Amino acid sequence: MDPTSPESETRPEINPSSAATNPAAVQPIKATPEATAFESTPSSFADPPPERSNSLDELTHDLSSLHDLSTRGQWEAILDKISQSRALFLLTKPHEHLTYLTYQVIALTKLRRSDEASHELNSLHDFDGEHYRYESFPEIYPDRKGSMVPFSLRWMYALVPTRLGNRQEGLDRLYTLLDFVRERIKEKEGNDDSVELWKKREIFVMSCLLGFHLGHKEFGVSLELIKELIKRDPLDPVLVSKLGSVQMQFGDIEGAKATFDRVEKMSNHNGLVSETQFKNLVGRNKALVHVVAKDYAAAVREYEECIERDNSDVVAVNNKALCLMYSRDLSDAIKSMKSVLREITLMLSRLTTRRFV
Amino acid sequence: MSTGATQGPHSLAFRVMRLCKPSFHVDPPLRIDPFDLLSGEDFSDDPASASLLRRHVSSADALDSDLSYRNRFLINHPTDPIGLSGLLLLPQSFGAIYLGETFCSYISVNNSSTSQVRDVTIKAEIQTERQRILLLDTSKSPVESIRTGGRYDFIVEHDVKELGAHTLVCSALYNDADGERKYLPQFFKFVVANPLSVRTKETTFLEACIENHTKSNLFMDQVDFEPAKQWSALRLHDDDLHPSSLVPPTSDLGGIIPPNPPVIIRSGGGIHNYLYKLVPSSDVSAQTKFQGSSILGKFQITWRTNLGEPGRLQTQQILGAPVSRKEINIRVVEVPTAIHLNRPFSASLNLTNQTDRQLGPFEVSLSQDESQMGKPVAINGLQKLMLPRLEAFGSNDFQLNLIASKLGVQKIAGITAWDTREKKTYELVPEMEIFVESD
Numbered sequence: 001m002d003p004t005s006p007e008s009e010t011r012p013e014i015n016p017s018s019a020a021t022n023p024a025a026v027q028p029i030k031a032t033p034e035a036t037a038f039e040s041t042p043s044s045f046a047d048p049p050p051e052r053s054n055s056l057d058e059l060t061h062d063l064s065s066l067h068d069l070s071t072r073g074q075w076e077a078i079l080d081k082i083s084q085s086r087a088l089f090l091l092t093k094p095h096e097h098l099t100y101l102t103y104q105v106i107a108l109t110k111l112r113r114s115d116e117a118s119h120e121l122n123s124l125h126d127f128d129g130e131h132y133r134y135e136s137f138p139e140i141y142p143d144r145k146g147s148m149v150p151f152s153l154r155w156m157y158a159l160v161p162t163r164l165g166n167r168q169e170g171l172d173r174l175y176t177l178l179d180f181v182r183e184r185i186k187e188k189e190g191n192d193d194s195v196e197l198w199k200k201r202e203i204f205v206m207s208c209l210l211g212f213h214l215g216h217k218e219f220g221v222s223l224e225l226i227k228e229l230i231k232r233d234p235l236d237p238v239l240v241s242k243l244g245s246v247q248m249q250f251g252d253i254e255g256a257k258a259t260f261d262r263v264e265k266m267s268n269h270n271g272l273v274s275e276t277q278f279k280n281l282v283g284r285n286k287a288l289v290h291v292v293a294k295d296y297a298a299a300v301r302e303y304e305e306c307i308e309r310d311n312s313d314v315v316a317v318n319n320k321a322l323c324l325m326y327s328r329d330l331s332d333a334i335k336s337m338k339s340v341l342r343e344i345t346l347m348l349s350r351l352t353t354r355r356f357v
Numbered sequence: 001m002s003t004g005a006t007q008g009p010h011s012l013a014f015r016v017m018r019l020c021k022p023s024f025h026v027d028p029p030l031r032i033d034p035f036d037l038l039s040g041e042d043f044s045d046d047p048a049s050a051s052l053l054r055r056h057v058s059s060a061d062a063l064d065s066d067l068s069y070r071n072r073f074l075i076n077h078p079t080d081p082i083g084l085s086g087l088l089l090l091p092q093s094f095g096a097i098y099l100g101e102t103f104c105s106y107i108s109v110n111n112s113s114t115s116q117v118r119d120v121t122i123k124a125e126i127q128t129e130r131q132r133i134l135l136l137d138t139s140k141s142p143v144e145s146i147r148t149g150g151r152y153d154f155i156v157e158h159d160v161k162e163l164g165a166h167t168l169v170c171s172a173l174y175n176d177a178d179g180e181r182k183y184l185p186q187f188f189k190f191v192v193a194n195p196l197s198v199r200t201k202e203t204t205f206l207e208a209c210i211e212n213h214t215k216s217n218l219f220m221d222q223v224d225f226e227p228a229k230q231w232s233a234l235r236l237h238d239d240d241l242h243p244s245s246l247v248p249p250t251s252d253l254g255g256i257i258p259p260n261p262p263v264i265i266r267s268g269g270g271i272h273n274y275l276y277k278l279v280p281s282s283d284v285s286a287q288t289k290f291q292g293s294s295i296l297g298k299f300q301i302t303w304r305t306n307l308g309e310p311g312r313l314q315t316q317q318i319l320g321a322p323v324s325r326k327e328i329n330i331r332v333v334e335v336p337t338a339i340h341l342n343r344p345f346s347a348s349l350n351l352t353n354q355t356d357r358q359l360g361p362f363e364v365s366l367s368q369d370e371s372q373m374g375k376p377v378a379i380n381g382l383q384k385l386m387l388p389r390l391e392a393f394g395s396n397d398f399q400l401n402l403i404a405s406k407l408g409v410q411k412i413a414g415i416t417a418w419d420t421r422e423k424k425t426y427e428l429v430p431e432m433e434i435f436v437e438s439d
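From first to last, the protein sequence lines are chains C and A. Going letter by letter, the first sequence gives residues 1 to 357 in full-length UniProt numbering. Going letter by letter, the second sequence gives residues 1 to 439 in full-length UniProt numbering.
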């Protein structure tokens, strides 16, 4: 799949002057006149009505359908849709191929077919090459510059080796990706929207790395990473609580207690979590301190308060059952897990019946 | 207490689960931020596109309102990719047990027969090479009955203080359905290994290298050296000399993370060194100092593994190399702040008699063992200085007139004191460095 060669099977009859204005000629199934809005200069966009669910289609052919399927976990359907779109030559622009490829790699990985995902990734050219930049196709993307590679595709390129058991390769690629993101942040200085987006990506990659290192009990580098994350957002109670958990996991109980005290004193004004979620976060932190002190009854009480505030707090439910076990109350532990499972099953069956109405 | 060789199948059975502390479940998920998937990474470079994309994403969001898969695909919170939800996990395997830890176990005896058992006396003991320790005994108040399919559970704890093979012996004495008194012993074996090795090296400093032989990382809670009474010990940290640059005190971090990182010794052979400066304690008389008892002290070590699971050990007494005490100690006490080339200067010295008898008189001079080329620092004027006899443990302060004939960093060395009576020579130790400036 080579977007640069007009003769490739997925891009027949590409005539730079006609493709932009005559998509109907190459799309026998679906004419998408809205697609033309994408190629025109950015300033001439008409404001789309906000309720239109297919507004994403403006960006890429049938994107709203892909988005919908992905948020419902319908990975097989996504793979079908992708192969159909390719077979029917529905994708006419270079960026569409990349977006569809990204969805394909994600779907395959979710379906635990990481070897196929890896195969698809191998078909790609170098991400930073000319063929993946908007300015290489001025007739399709007039006045647009930059890379058309979806960031998720870069991330999947780093993630897939770890799913195939090659942890070292995956880590190397993730660290390379982190460097890449940091370069972009420097480069885009002055463009606030872009910088903010790339900073979010930096946090994303650092969080991934932290997860990998924690899973391998690599304390030193885990602590370094979480310190970097906290430097960027010291007032995020969820993040700081995770620091407390990391400290606790490695045995630094006093450090963990101090961190949890700090979280409790934070006001929840950054709005990332609701008031209930914040209260539960503080409650769960307190419960952990009780667990360490082997005061399982006190921990159970904290978790029960959390569950009362929010009965979908699965962490509180699980941890409460665990504490009951540690206090020799195995039967109650099983009972409480069973009752939650029952409630969840009821909730789910209510949802599925609603869908059919 | 056996009721016979053939007892038939048992109604009861023991099941044992080690109950060390739980751990956090870490599971990095595959979750996406829609801005990273729905468009190219530089699409938002121009503000109109950026706001367009934001509108599209939020309108797509608004439509999907039920409790669905989306919460497992899209990122909710920026830290979701870490995969640390706070979910606790039970210990997944028995693991290894080390000296100094606490063995904790959940024991469940269940009735898998089709009828009730009555009058159940349960015992749990730990058996080692040297002893048998009772952990639980219900003989004074036996469990009345365990119904079919029922269980009796208990948790036992034992501080592990011996190395080697241990056996957890669980036994139940009960009346089965036929009224027959049956005895069920079950044995669960485990081995206790040595978690640490402590190697020491010392001169007037004690360096201890602690090596972690366990399979988990050890968070060193406390490593305390308790010196013997003739010593006092000062722990030397490297960050006294090199302040930690890991976390400069910044206002936005607000002291969340202390500047000194905690000490964690990596599993399977990781090491950490501890350095102590040993100083003879001031309240001990000079006599004991001279005798140079070789016991330095011992270490008390406490550590923690996951979620604070504690362990503790004490080492045996650590012996120092026998201290070879000098009989006479000569040292330079003070030199002028500025020393100039070829200009005489006065140095204060001290001669101490560290024995319990009279020594001297002494002749202080520069040793002549070098070549005929002059030493960089020589005695100016009279080449020999006489000092009177010294009492036991006495000391004498004196001045030497010196002159330096070379520039830069030079040493005051080669000064000797010759005991005229015992015919013994003592050297100036340590050599003193001085800086010689030009005129």
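Since the hints were derived computationally from the structure, they do not count as laboratory data. Computed from a predicted model, the values in this text were never measured in an experiment. Treat the hints with care, as some may be off.
Unchecked claim - Chain C stretches covered by chain A per the calculated footprint, using a threshold of three residues with CB under 8 Å from any CB of chain A:
| hint | stretch |
| --- | --- |
| 1 | 81 to 93 |
| 2 | 116 to 127 |
| 3 | 164 to 174 |
| 4 | 335 to 341 |
What the hints assert, rightly or not - Quick list of in silico lysine-lysine cross-link-like pairs, DSS-like style, CA-CA up to 30 Å:
| hint | chain 1 | residue 1 | chain 2 | residue 2 |
| --- | --- | --- | --- | --- |
| 5 | C | Lys-188 | C | Lys-279 |
| 6 | C | Lys-335 | A | Lys-123 |
| 7 | C | Lys-294 | A | Lys-215 |
| 8 | A | Lys-140 | C | Lys-294 |
To be verified - Residues from chain C that keep clear of chain A, each with C-beta distances beyond 10 Å, as calculated:
| hint | residue |
| --- | --- |
| 9 | Asp-193 |
| 10 | Asp-233 |
| 11 | Asp-252 |
| 12 | Leu-346 |
Using N, Cα and C, we set each Cβ at its ideal position, and we do this for glycine too.
Report task. Hint by hint, work out which the structure violates, then give me just those numbers in ascending order. Result -> 1, 2, 3, 4, 5, 9, 10, 11
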